[in-house]
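Engineer: Hey, can you work out the whole structure from these sequences and the hints?
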Amino acid sequence: MGTQLVQAVVDGVLTGGVYALMAAGLTLIFGVLDIINIAQGIFVVLGAYLSYVLWSDLGIDPFLGLLITIPTLFFVGVGVEWAFIRRLGERDRVTMSILVTYAVSLILEGILDNAFGTNVFQLRPSYESSSFFVFGFYLQQIYVYGFVLAVVLLAAIYALLYRSRFGASVRASLQDRTAAQLIGVNVRRVSTITFGIGTAVTAAGGMVFGVTNAFSANSGADLISRLLSIVILGGLGSIGGAMGAAVLMLVLEDIVATVWSPVWSPVVYFAALLIVLSIRPVGLFGRTAARAQ
Amino acid sequence: MRMRRATDGGGAAVHVRSAVARAGIAGALVAGTVLAAWSGTSGAAQAHHKKKLGSPVVVGASLSLSGDFSTDGQAFDRGYHLWQAWQNAHGGLLGHKIVLKILSDKSTPTQAATNYNTLISSDHAKLTIGPFSSLLTVPSAKAAHRHGYALVEGAGGAPAVFKTGLNNVFDVSYPVATGLKPFCEWVASMPKGTRPKTVAYATVTTIFEATQFPIAKRILGKAGVRTVYTKTFPTETTDFTPIASGVVGSHATIVILGDTAVSTVSSFMSSFEAAHFNPKAIIATSGPDQGAAFLSAVGTANAIGVMVEGGWYPGFASKSSHALVQRYVKKYGGTASGVNADVAEAFSVGEVLTQAVKATHGFTNQKIIHYLHSNKTFSSVQGPVKFDKAGENVKGLNFAFQWLTKTGTPTFAQVLPTTAKGSVTPLYPKPSWGS
Chain A
1 MGTQLVQAVV DGVLTGGVYA LMAAGLTLIF GVLDIINIAQ GIFVVLGAYL SYVLWSDLGI
61 DPFLGLLITI PTLFFVGVGV EWAFIRRLGE RDRVTMSILV TYAVSLILEG ILDNAFGTNV
121 FQLRPSYESS SFFVFGFYLQ QIYVYGFVLA VVLLAAIYAL LYRSRFGASV RASLQDRTAA
181 QLIGVNVRRV STITFGIGTA VTAAGGMVFG VTNAFSANSG ADLISRLLSI VILGGLGSIG
241 GAMGAAVLML VLEDIVATVW SPVWSPVVYF AALLIVLSIR PVGLFGRTAA RAQ
Chain H
294 MRMRRATDGG GAAVHVRSAV ARAGIAGALV AGTVLAAWSG TSGAAQAHHK KKLGSPVVVG
354 ASLSLSGDFS TDGQAFDRGY HLWQAWQNAH GGLLGHKIVL KILSDKSTPT QAATNYNTLI
414 SSDHAKLTIG PFSSLLTVPS AKAAHRHGYA LVEGAGGAPA VFKTGLNNVF DVSYPVATGL
474 KPFCEWVASM PKGTRPKTVA YATVTTIFEA TQFPIAKRIL GKAGVRTVYT KTFPTETTDF
534 TPIASGVVGS HATIVILGDT AVSTVSSFMS SFEAAHFNPK AIIATSGPDQ GAAFLSAVGT
594 ANAIGVMVEG GWYPGFASKS SHALVQRYVK KYGGTASGVN ADVAEAFSVG EVLTQAVKAT
654 HGFTNQKIIH YLHSNKTFSS VQGPVKFDKA GENVKGLNFA FQWLTKTGTP TFAQVLPTTA
714 KGSVTPLYPK PSWGS
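Just so you know, the protein sequences line up as chains A and H, in that order. In terms of this note's numbering, the first sequence opens at residue 1 and continues consecutively. In terms of this note's numbering, the second sequence opens at residue 294 and continues consecutively.
Please keep in mind that the hints were generated in silico from the structure rather than gathered at the bench. There's no promise every hint is true.
[Claimed, not checked] With a cut-off of at most 16 Å between alpha-carbon atoms, the simulated EDC-like pairs for lysine to aspartate or glutamate come out as follows:
1. H/Lys-669 - H/Asp-681
2. H/Lys-510 - H/Glu-529
3. H/Lys-399 - A/Asp-222
4. H/Lys-515 - H/Glu-478
5. H/Lys-399 - A/Glu-90
6. H/Lys-682 - H/Glu-529
[Said to hold, decoys possible] Looking from chain H toward chain A, a few residues come up when the C-beta cut is under 8 Å (computed):
7. Asp-416
8. Lys-524
9. Thr-531
10. Asp-532
11. Glu-566
12. Ala-567
13. Ala-586
14. Ser-589
15. Trp-726
Here the structure is a predicted model, which means the values were calculated and not measured. Backbone N, C-alpha and C define an ideal beta-carbon position, used for all residues, glycine too.
Structural biologist: Next comes the structure, spelled out in structure tokens:
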């Protein structure tokens with residue numbers, strides 16, 4: 001049992017990194033735009049499909065393919081923000097954002113369903129089923145690479161937010177949109193670029209998701225509920241919180257699945273979420289904490 | 294009369310000419326008769342095919358064209374459309390053209406029930422046929438029952454469907470509870486020296502856990518195959534790593550997976566491969582039977598040796614089944630191996646419904662229900678169909694299938710029961726991943 005517990009913790013940490021990649025964009029978008037992006041799940045799936053097409057049709061390694069898929073999804077995000085999000089008024093913005101982004105997710109799902117059919121796909125590079133054997137444990141290579149990628153990308157976003165002029169504009173918009181406008185920040189442009197960045201990061205998450213899971217256009221529906229819970233637990237708007245919450249969620253679920261039963265994994269996780277929120281409503285690294293950074 | 298030679302004077306010449314003339318006339322008559330018969334037949338056939346079918350009869354169904362069951366739902370859609378085309382080319386239903394009205398239920402039970410209400414009340418469907426999965430069949434059967442409609446279906450085989458007390462639901466496929474029996478009985482029949490020692494079970498918390506697994510555990514337990522791991526997980530699970538790790542850690546000789554999705558089986562197989570875990574046999578209750586969808590998810594090399602329970606496969610030993618496969622490939626492309634078992638299940642639904650309509654000479658649902666309960670045996674591409682009081686097919690054939698190869702290209706073959714017509718020798722032990 002001890003060995004299995006350690007395996008569960010290790011698996012949870014590595015898988016948590018993958019989920020952090022998928023959730024990071026969601027928390028960034030909410031932090032700056034006050035938008036709950038229900039389409040995040042389908043963006044992950046879109047990233048998976050793009051990586052799959054590059055890999056299967058052009059033989060491009062999935063990680064190398066990120067050089068194409070990340071900019072592509074950036075522009076997809078910019079397009080979605082311009083076409084749908086920008087039209088939302090300030091009144092009932094959060095509520096309307098749920099409806100609008102849900103509609104976007106349905107449209108995208110329909111397009112992908114028509115384009116690719118209902119077959120499930122999975123990227124199968126050579127390292128997909130390979131593993132590192134470390135101290136008696138098998139660590140799937142793709143999860144290790146995915147975790148490293150998550151750390152690198154999230155660090156890059158952190159550096160962008162806290163070490164750049166643009167990042168200062170983003171944080172100003174995050175704290176107070178009106179005040180930011182008054183001091184000359186082009187809030188509209190910041191919002192568009194932030195939505196684009198949030199979607200672009202999802203390309204990486206989608207790629208890893210596509211290597212570790214067989215996916216179809218419907219796969220986004222199961223994902224979005226988990227991603228939302230991660231960003232709420234971590235604190236809406238906190239990049240570090242998304243990482244911490246994702247790792248915590250997956251470790252907790254894996255331990256419960258191993259020691260007790262997988263049926264209870266989501267129950268225990270959501271119970272923990274409720275406990276955290278009742279003590280700290282803004283989440284582990286909620287917006288107050290994020291703004292203080 | 295013996296013919297005289299032509300050189301035998303004028304009289305002989307007349308005889309020869311007469312003989313030739315008679316032969317010529319006879320030949321012309323024969324040719325004319327043949328021609329007349331052929332043109333008459335083809336004319337009749339053309340007239341038959343061109344014969345205008347009567348007013349359309351609407352047959353309604355709710356299918357999962359999106360959502361979790363969309364792969365199966367869309368396969369069912371194709372099966373129903375193939376039946377529609379086939380039956381309309383053979384006189385329709387009592388001379389009426391079949392019009393299929395299919396509504397999407399997004400794989401949700403409430404939408405399925407709503408759809409049947411809509412189909413019957415608003416769309417005026419005369420007949421209804423079933424959705425995909427037991428989960429959707431129960432509410433659909435209830436909705437149809439409220440309107441007094443029969444619901445012939447092909448994918449609702451869980452005990453829950455037949456415990457509703459409804460008399461209007463008829464499942465043309467084999468009873469789900471018996472699904473793993475061929476595999477378990479085969480394992481139990483192995484000589485003690487080669488018989489697997491341990492087994493691991495991992496299943497979704499659905500009908501498979503409730504129905505098939507207790508029977509499997511009983512058969513294997515009696516044969517001395519020890520259960521070393523057993524876990525159930527919710528259908529919403531997206532991370533199978535801890536469960537797969539548990540199976541790996543159990544070092545089980547054989548693995549039994551209960552699931553409804555290709556993606557689930559694929560996730561387990563990936564984890565097993567990464568951990569260099571090579572059980573001697575793996576069988577899933579669903580997933581590997583989805584032809585091209587399964588192969589594209591797991592890769593052709595990894596598919597070899599994986600088993601799945603089922604009632605039909607593209608190579609099923611029946612003329613009508615072969616014809617169905619050919620029609621499918623002609624219309625939708627791909628290869629015979631890639632034809633999903635759901636297509637045959639859906640087509641069988643249409644076949645049985647047709648037989649009931651013909652026998653009752655009409656579209657009165659109460660008569661159809663009564664007739665389907667009359668202990669008659671019906672024919673289908675899946676084999677014989679006979680319903681008990683609850684609507685289960687007591688003559689349903691179920692087998693175990695396995696992906697095999699001789700040339701590198703995987704083929705889907707019937708392997709169990711070993712004594713069943715059409716079974717080939719199962720591959721045991723399963724080769725290592727990717728080999």
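Engineer: Taking the earlier hints as the rules, which of them does this structure contradict?
Structural biologist: Hints 2, 5, 6, 7 not satisfied by this model.
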